[in-house]
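Quick mapping for you: the protein sequence lines, in order, are chains B and U. Under my numbering, the first residue of the first sequence is numbered 100, with each subsequent residue one higher. Under my numbering, the first residue of the second sequence is numbered 100, with each subsequent residue one higher.
A couple of the hints might just be wrong.
Simulated crosslink set (SDA-like; lysine to any residue; CA at most 20 Å straight-line) [as the list claims (entries may be wrong)]: (1) B:LYS192 / U:GLU213; (2) U:LYS192 / U:GLU213; (3) B:LYS101 / B:GLN235; (4) B:LYS184 / U:GLY188; (5) U:LYS192 / U:ARG216; (6) B:LYS101 / B:ASP195; (7) B:LYS101 / U:TYR142; (8) B:LYS192 / B:ARG219; (9) U:LYS184 / B:LEU200; (10) U:LYS192 / U:ARG164; (11) U:LYS184 / B:ASP195; (12) B:LYS192 / U:ARG187; (13) B:LYS192 / U:GLY162; (14) B:LYS184 / U:GLU213; (15) B:LYS192 / B:LEU222; (16) B:LYS192 / B:ARG216; (17) U:LYS101 / B:GLU138; (18) U:LYS184 / B:GLU138.
I should point out that these hints are in silico values taken from the structure, not numbers from a laboratory.
Protein chains: 2
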Amino acid sequence: MKVGFPITLSLGFDGVREIIRDFPDYYWIADYKLADIPEVVQYILEGLERVGFDASIIHLFTGHRRYDVGMELIGVVAMSHPEAKFFRGNFEKLLDEAELLGVDGIVVGATRPEMIREARRRLPDVRIFSPGVGAQGAEPGSAIAAGADFEIVGRSILGSKNPRLEAMRVVEAQRGVIHGRS
Amino acid sequence: MKVGFPITLSLGFDGVREIIRDFPDYYWIADYKLADIPEVVQYILEGLERVGFDASIIHLFTGHRRYDVGMELIGVVAMSHPEAKFFRGNFEKLLDEAELLGVDGIVVGATRPEMIREARRRLPDVRIFSPGVGAQGAEPGSAIAAGADFEIVGRSILGSKNPRLEAMRVVEAQRGVIHGRS
Chain B
100 MKVGFPITLS LGFDGVREII RDFPDYYWIA DYKLADIPEV VQYILEGLER VGFDASIIHL
160 FTGHRRYDVG MELIGVVAMS HPEAKFFRGN FEKLLDEAEL LGVDGIVVGA TRPEMIREAR
220 RRLPDVRIFS PGVGAQGAEP GSAIAAGADF EIVGRSILGS KNPRLEAMRV VEAQRGVIHG
280 RS
Chain U
100 MKVGFPITLS LGFDGVREII RDFPDYYWIA DYKLADIPEV VQYILEGLER VGFDASIIHL
160 FTGHRRYDVG MELIGVVAMS HPEAKFFRGN FEKLLDEAEL LGVDGIVVGA TRPEMIREAR
220 RRLPDVRIFS PGVGAQGAEP GSAIAAGADF EIVGRSILGS KNPRLEAMRV VEAQRGVIHG
280 RS
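Use the sequences and the hints to build the structure in full.
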């Protein structure tokens, strides 16, 4: 489960802590896309760990050092929105940074299947998370087909008249790809 | 006054809202360095405006559209820590982005006086905020001397044995530069 600013602004970090406590078996990702100086990132990660998160998304382009935390780190390498032009020119360097920092996972937008393929080739052991499925235009299963490990789906389910049906449709498409692959 | 993640993790957004209410005359900057997709940034900015902030710091490299908010926007163009290598190669493009987006201010690290001079030349009417004074190595007054409008000083005052004396020392140095300039 991915928690970001929108929910945190409504519930506060205390509210988020309670929800995480109620569902301890999920993998909780702090999606605040941290992009601060390393001293501050270290401090924030410690705080997010105390809130109960298992992993945190950080931006790689800001430049980092290795952090002293128990939680997993997921670095943003490519974003899915049309305005994200800077990531294209820096993609290879951001993959280098992911490798150098030894992150556990990377984020590559699902609308960029060619980038997912390249990231998978360059970093075979790093988990790839792909947002941008549904509302932003990528078809469910398409990022997994390109080599991602997880697709992140938000608005197309949350905004649906029948969220349960929509979630099942997404899972069905993903299963189709996974079974076709194995 | 600049409020970021560290304080927010301790006090929550409710706590921050109370402090802002107690000091309505200050200019309150939300320093969460937003770096998300435009739909989410728009949503977060609305939330931060409700908390009471006057301005918000956003990262420019993620790519944006124009936002529908009343608060001022301050875009990060260059960061002050030694690991911030990506900003150097993209500096001109980030200044273009600041211009395109019509931000009210930009952030240029105080440890990069040559970048402050270049930003001032390129964007004469945009306010320049320079963090990195004190703990990160830049001398008080040095960023203002290079063309910045405001220096952001945190740890060298907060971590001082005599914060009041340290703050006065900083202001004294800045006044020296400002008077020398006019």
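Verification of the supplied hints:
Distance restraint check for B:LYS192 and U:GLU213: the Cα-Cα separation of roughly 24 Å exceeds the 20 Å cut-off, and the hinted pair is therefore not satisfied. With a CA separation close to 16 Å, the supplied pair U:LYS192 and U:GLU213 stays within the 20 Å bound. The suggested pairing of B:LYS101 with B:GLN235 holds, with an alpha-carbon distance near 17 Å, which does not exceed 20 Å. The hinted pair formed by B:LYS184 and U:GLY188 meets the criterion: a straight-line CA distance of about 14 Å does not exceed 20 Å.
Simply put, U:LYS192 and U:ARG216 have alpha-carbon atoms about 16 Å apart, close enough for the 20 Å limit, and the pair holds. For the proposed pair B:LYS101 and B:ASP195, the alpha carbon gap of about 25 Å is over 20 Å, so the pair is violated. The hinted pair formed by B:LYS101 and U:TYR142 meets the criterion: a straight-line CA distance of about 17 Å does not exceed 20 Å. The straight-line distance between the Cα atoms of B:LYS192 and B:ARG219 is roughly 15 Å, inside the 20 Å bound, and the hint therefore holds.
Under the criterion of a C-alpha separation no larger than 20 Å, the hint pairing U:LYS184 with B:LEU200 is consistent with the structure, at around 14 Å. With a CA separation close to 15 Å, the supplied pair U:LYS192 and U:ARG164 stays within the 20 Å bound. At most 20 Å may separate the alpha-carbon atoms for a hinted pair to count; U:LYS184 and B:ASP195 meet this at roughly 13 Å. Proximity of B:LYS192 to U:ARG187 is assessed by CA-CA distance (about 13 Å); at most 20 Å being required, the pair is judged to hold.
Simply put, B:LYS192 and U:GLY162 have alpha-carbon atoms about 18 Å apart, close enough for the 20 Å limit, and the pair holds. Between B:LYS184 and U:GLU213, the direct Cα distance comes to roughly 25 Å. Violation of the 20 Å bound is thereby established for this hinted pair. Under the criterion of a C-alpha separation no larger than 20 Å, the hint pairing B:LYS192 with B:LEU222 is consistent with the structure, at around 13 Å. The straight-line distance between the Cα atoms of B:LYS192 and B:ARG216 is roughly 16 Å, inside the 20 Å bound, and the hint therefore holds.
For the hint pairing U:LYS101 with B:GLU138, the CA-to-CA distance comes to about 16 Å; that is within 20 Å, so the pair holds. Of the supplied pair hints, the one linking U:LYS184 and B:GLU138 holds, its CA atoms being roughly 16 Å apart against a limit of 20 Å.
Comparing the model with each earlier hint shows violations of hints 1, 6 and 14; every other hint is respected.
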